[in-house]
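Peer 1: Both chains are given apart, each in its own frame, so use the hints to dock them into the complex.
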Amino acid sequence: MKRRELLQGLVAGAFLLTPLARVVAKTLLEHNGTLPAPAAIERVFAAGPPAAVFLYVLVPEKLLGWPMHLAPANLAFIHPEQQHLPFVGRLAGRGSTVSLESLLLLAPDVIVDLGNAGATQRSAAQRLTQQTGIATVQIEGLLAHTPQQLRQAGALLGARQRAEELALYSEQLLARALRFADKHAQKPPKLYFARSYDGLETGLAGSIHSEVLELLGCENVAKQSGHTGIGQVSLEQLLNWQPDYLLTQDPEFVELATTASAWQSLSAVQTGRVYCAPKLPFGWLDGPPGVNRLLGVLWLMALLEGRLDGPQLKQEVAEFFSLFYRSPNSSARLLSALEPTQVLD
Amino acid sequence: MPQPASIDVNRSLPAYVKVMLMLVAALLAAIVLSLLIGKFPLSLAELWQVLVARISGEPLQGSADTVIWQLRLPRILAAILVGASLAVAGAAYQGMFRNPLVSPDILGVSAGAGLGAICAIFFNLPMLLVQLFAFVGGLFAVAAVYALASLVRRHDPVLVLVLAGIALGALLGAGISLLKILADPYTQLPTITFWLLGGLHSVSLADLAYSAPLMLLGLTPLVLLRWRINLLSLSDDEAAALGVNLTRTRLLLIIAATLMTASAVSFTGIIGWVGLVIPHVARLLVGPHFSRLLPVALLLGATFLLLTDTLARNIASIELPLGILTALVGAPFFIYLLARGGRT
Chain B
1 MKRRELLQGL
11 VAGAFLLTPL
21 ARVVAKTLLE
31 HNGTLPAPAA
41 IERVFAAGPP
51 AAVFLYVLVP
61 EKLLGWPMHL
71 APANLAFIHP
81 EQQHLPFVGR
91 LAGRGSTVSL
101 ESLLLLAPDV
111 IVDLGNAGAT
121 QRSAAQRLTQ
131 QTGIATVQIE
141 GLLAHTPQQL
151 RQAGALLGAR
161 QRAEELALYS
171 EQLLARALRF
181 ADKHAQKPPK
191 LYFARSYDGL
201 ETGLAGSIHS
211 EVLELLGCEN
221 VAKQSGHTGI
231 GQVSLEQLLN
241 WQPDYLLTQD
251 PEFVELATTA
261 SAWQSLSAVQ
271 TGRVYCAPKL
281 PFGWLDGPPG
291 VNRLLGVLWL
301 MALLEGRLDG
311 PQLKQEVAEF
321 FSLFYRSPNS
331 SARLLSALEP
341 TQVLD
Chain Y
1 MPQPASIDVN
11 RSLPAYVKVM
21 LMLVAALLAA
31 IVLSLLIGKF
41 PLSLAELWQV
51 LVARISGEPL
61 QGSADTVIWQ
71 LRLPRILAAI
81 LVGASLAVAG
91 AAYQGMFRNP
101 LVSPDILGVS
111 AGAGLGAICA
121 IFFNLPMLLV
131 QLFAFVGGLF
141 AVAAVYALAS
151 LVRRHDPVLV
161 LVLAGIALGA
171 LLGAGISLLK
181 ILADPYTQLP
191 TITFWLLGGL
201 HSVSLADLAY
211 SAPLMLLGLT
221 PLVLLRWRIN
231 LLSLSDDEAA
241 ALGVNLTRTR
251 LLLIIAATLM
261 TASAVSFTGI
271 IGWVGLVIPH
281 VARLLVGPHF
291 SRLLPVALLL
301 GATFLLLTDT
311 LARNIASIEL
321 PLGILTALVG
331 APFFIYLLAR
341 GGRT
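Chains as they are written, first to last, in our numbering: chain B, 1 to 345; chain Y, 1 to 344.
This is chain Y alone, in the form it adopts within the complex (with noise of 0.2 Å):
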């Protein structure tokens, strides 16, 4: 397998290891942080013993044990699965249509899912399948952009994929805003509404048992391929002359970063800012190369919406919408980091 600059990747190596070093501390930090506090006073004594409890296969009974696995375990996981899907996604994403400015949903994904779970909120479904059309409405919506672009063959292929995704895109939010109007206003609407804002609080166990293994799917062809996505930043004909056929690594990546989001969003809703701001901030960290930017934005984007998560269900006696605190938080430090790097 080819692997370009790999002389630029020996020499910085310390450099390297060192970010990943402090990007785990810093997880497992929030990891800790997110377990101690929320809003079920559990004392630090107590959240050991029901860990220990359960660990050494006697779970405790009552409403510590609940708040903790039920609760607040599964609602750590999910923040880390789907930061770091997301942020994976969008790395895969800008390297690939060579635009910082894309995000995982460029493809029509959320618009997708976002139609698929308001048709089942419109028609009073139950959670689970508000879950599942979200989830189809996504893998639905991708590949009909991925068709419509096929279908056009004298352009580059990655700009028509762009450009179908808009369109889609502009298409699915019509029939979005189209059900947001017929939606009776006092009870649907306001759920429509937090949908489209996303959020972790209905995260239960049985949301991770589906949605893990779909986004650890589609997280190993990225790991396996990621040096070959560097190459998805060369045109189509100076990859030809490597020997690289980029249609079918383009469709690998396209299906893999789908599966992702869409597997995240289906219970979430949608959450913006995570896949357009954390591979930035990756690659100020450690370069554009994909190898190590893949692991560095995995662990950014869970920490990140571990993090913000854990304000979203403390900051008041209810739940902010998470769409809203990472455009808040995230923007403000995307910002500084940009002034930043362009100074030195």
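Next comes chain B alone, as it looks inside the complex (with noise of 0.2 Å):
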């Protein structure tokens, strides 16, 4: 309990110094089973593929595999030493793709899940340490929250230099956000974030899907009391709400949108502002909803600003890609992740 106080106390004192105090300093993990000392952690198991975006960022040399499958084209900006990780399945409950055996075999020192957990995930993993004796962590994973989950993991998993570094970073950014966010109050930009094939598909205000929009003050149209997940939505209804900015990660989409007879009466595909967000290595603006997110938040901010040609994007994206991905840094590459954003007329 101690050294939890202490976490906690610490985190706190850090919080009072920085632009984020008014976000509730709280301890954002939760665990199962006696953790080994910080030090003595070496092999992690990533639960889902958001933890394993952030476990990779922070200690790639600890992470055991990909709970996901990766495409050459993402592993192209993953560092050499985790490109050769094996794909080595999920733990979702019942949704789990690893079987415990392997998981005993892979005799990982902890295994850490990252997104907002219900009762039902936290007994699964309570019953999983029963089981296996391996400690789980849960992190609470709101993007606002990337620097708490980034310190407070870090102190637990023997890695404070390295979160540090990140936490800073990601510190700045989410205030740029905020400070983004507050000239825009009086005004809003409205936004359709679409998802799959037709379009037609989108995560609700207030889910997790579209935590880089809101983050940045911006107003989600779909919105329906009671419910945030990922919802349907019909032409027609669009039409009604009428967004500024059509936003997707799906190349396919920007084909339809601009192409199919019925999207033209929107006045975002008719004054060109469809975009495509870039989903290389992991998704800019989702999927999987993860500290892979702060890269949307760049690009969404540079969009909203009528800069997303410019090199000031071009840098942070570097910076990014070289701080938190390690990637191998080639701007040839950086600049085919870019390649999709495209601004259509």
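If you're looking for bench data, these hints aren't it; they were derived computationally from the structure. Hints may be right or wrong, so weigh each one.
Calculated lysine to aspartate or glutamate pairs in the DMTMM-like style (CA-CA distance at most 20 Å, straight line) [as the list claims (entries may be wrong)]:
(1) B/K223 x B/D244
(2) B/K62 x B/E42
(3) Y/K39 x B/D244
(4) Y/K39 x B/E219
(5) B/K187 x B/E219
Covered stretches of chain Y (in silico footprint by chain B; criterion: 3 or more residues with CB under 8 Å from a CB of chain B, positions within the stretch not fixed) [to be verified]:
(6) 31–40
(7) 122–133
(8) 180–190
(9) 312–318
Distance ranges between label pairs, derived from CB positions [unchecked claim]:
(10) B/A181 x Y/L338: 53 to 61 Å
(11) B/R127 x Y/S177: 18 to 26 Å
(12) B/K314 x Y/L28: 56 to 64 Å
Note that CB positions come from ideal geometry on N, CA and C, so glycine has one too.
Peer 2: Here's what the structure looks like:
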């Protein structure tokens, strides 16, 4: 208990000095089982894709494998040492694709999950620890809490220095996002974030899928009181909402929105405000909902400020790729990551 | 052509005509209602202007014209076509399989279409290919079931068809589940789930342009053979005694029903309940004679799906999957009808 209190104290102290002090300083970690000492943790299993991205940026050398399949296009931006990590499957209660026996074979010191866990997931994690004896750590996964997540997890996994470096960067970026939101508070841009092949699926306002939009103070047009998951909408509803911008991560949708005649009545399509966010090595706006979305914050801010093609964004992206992803830094590759970002007319 | 029970038919003709007239009126009323309400607010006057302008050959520019002609009307037409197709296919199958629990997907068309569509979603293919994969998957599944069933000769052919359909359906269902497990849980899985729940929210004129002819093509043999389909409820021996080759009629009916269902499912996803419940309601209204059951089921299915879809697009600020609403609306209505029918 003592270490935990100390940790909390440290975290709280750090916050009072930052512009993010308004975020309640609380522990974002929950764990089951006995955690090894931070220095003794060498093997970490990522329960799902958000945790994998988180661990890859924080403790890459301790990551045991990827819970998702990564295509060569994604792997091109991953550090060579983690490019060859095996696909190990994910742990998600009944939806798990890794068997407990292969989990034991991998012999992780700790299992880490990131996301907003409900009672079902918590009890599944408890049971997992009881069954296997491996400690599990659940990190609350809001994008706005990224600095705290990094610091707290860094302390736990023996990577304080790396965590601090990443947390400082995130803090600055989030503070910029808040300033951006304040500046546009009078008249926030209205956005629609299209998903799926028909573009009529969307992360509703308040869901983890539209955090980037809301962090920047934008108005997510798709609202449904009492429901914050993914929903379906109709084109008629979109015509009624008339968003200022259409965002997507799916180039197929851009093709559809710019060619299908029914979409041409949307003012965002008429004015060429259909934008496809890059999704390499991980989705910039969403998918998975992890720290990868910090890139989406940079990208969306540049988009709304009309400097998507400017040198500033390219430089910021290059900085992020080298700091977070430790990407083999070649500008040609970065350009290809930015390529789907096209303004349509 | 033999016309069994033709005396019966003539005797209750006025009642039948009355039912038909009421159903046509109900469908027309549903169309008007559906045109009038939607998420994009349009006044009656605007609606009228838009309709008149387009008919007189000088379409208005602007959102109102798009909402009516590109969104609401295609969606209304799609609801009518899909509802009619599923109900008619269900009515034909229930007669042919002599089983009231049979729905149009008994021979695996939905499972096949589902696996096809989900494969396309899994490999991030564009919309057109999702629809094509679904259509082809549906046709393949039924063809496989039919081929499988014709290999077995010693049993009742209808029973063998049903069993083969169930077996292949389970196999395809396993494939669907496997892809769901492998799909990206943050991007693909929701899309797959929505596809499996069905919906008309993305219908466009282009979808209708390919599916409407296919559905009508499937409907034609059913209309032409409406008398002969009654004979399918006889056993093969009894029918042979009447000089009718049931195997060929059955095959034709399966092709027709599959064509209708597969082309509907290809752009709507799986919509349950219509093909199961509507034939029963139709039978309660006009009896089991297929020449009467067909038009009644057709109109009922069209009206039911149109009203349900109107509900689906107006009940909340997001769309509710149609598959959920058809069950929510259809099941209580069905229970009510059963209870009422039981008393009289």
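Peer 1: Now tell me, hint by hint, if it's right for this structure.
Peer 2: These are the hints, each one checked on the structure:
no.	hint	result
1	B/K223 x B/D244	holds, 16 Å
2	B/K62 x B/E42	holds, 5 Å
3	Y/K39 x B/D244	holds, 18 Å
4	Y/K39 x B/E219	holds, 19 Å
5	B/K187 x B/E219	holds, 9 Å
6	31–40	holds (count 3)
7	122–133	holds (count 5)
8	180–190	holds (count 7)
9	312–318	holds (count 4)
10	B/A181 x Y/L338: 53 to 61 Å	holds, 57 Å
11	B/R127 x Y/S177: 18 to 26 Å	holds, 23 Å
12	B/K314 x Y/L28: 56 to 64 Å	holds, 60 Å
Figure legend: structure checked against the earlier numbered hints; every hint is met.
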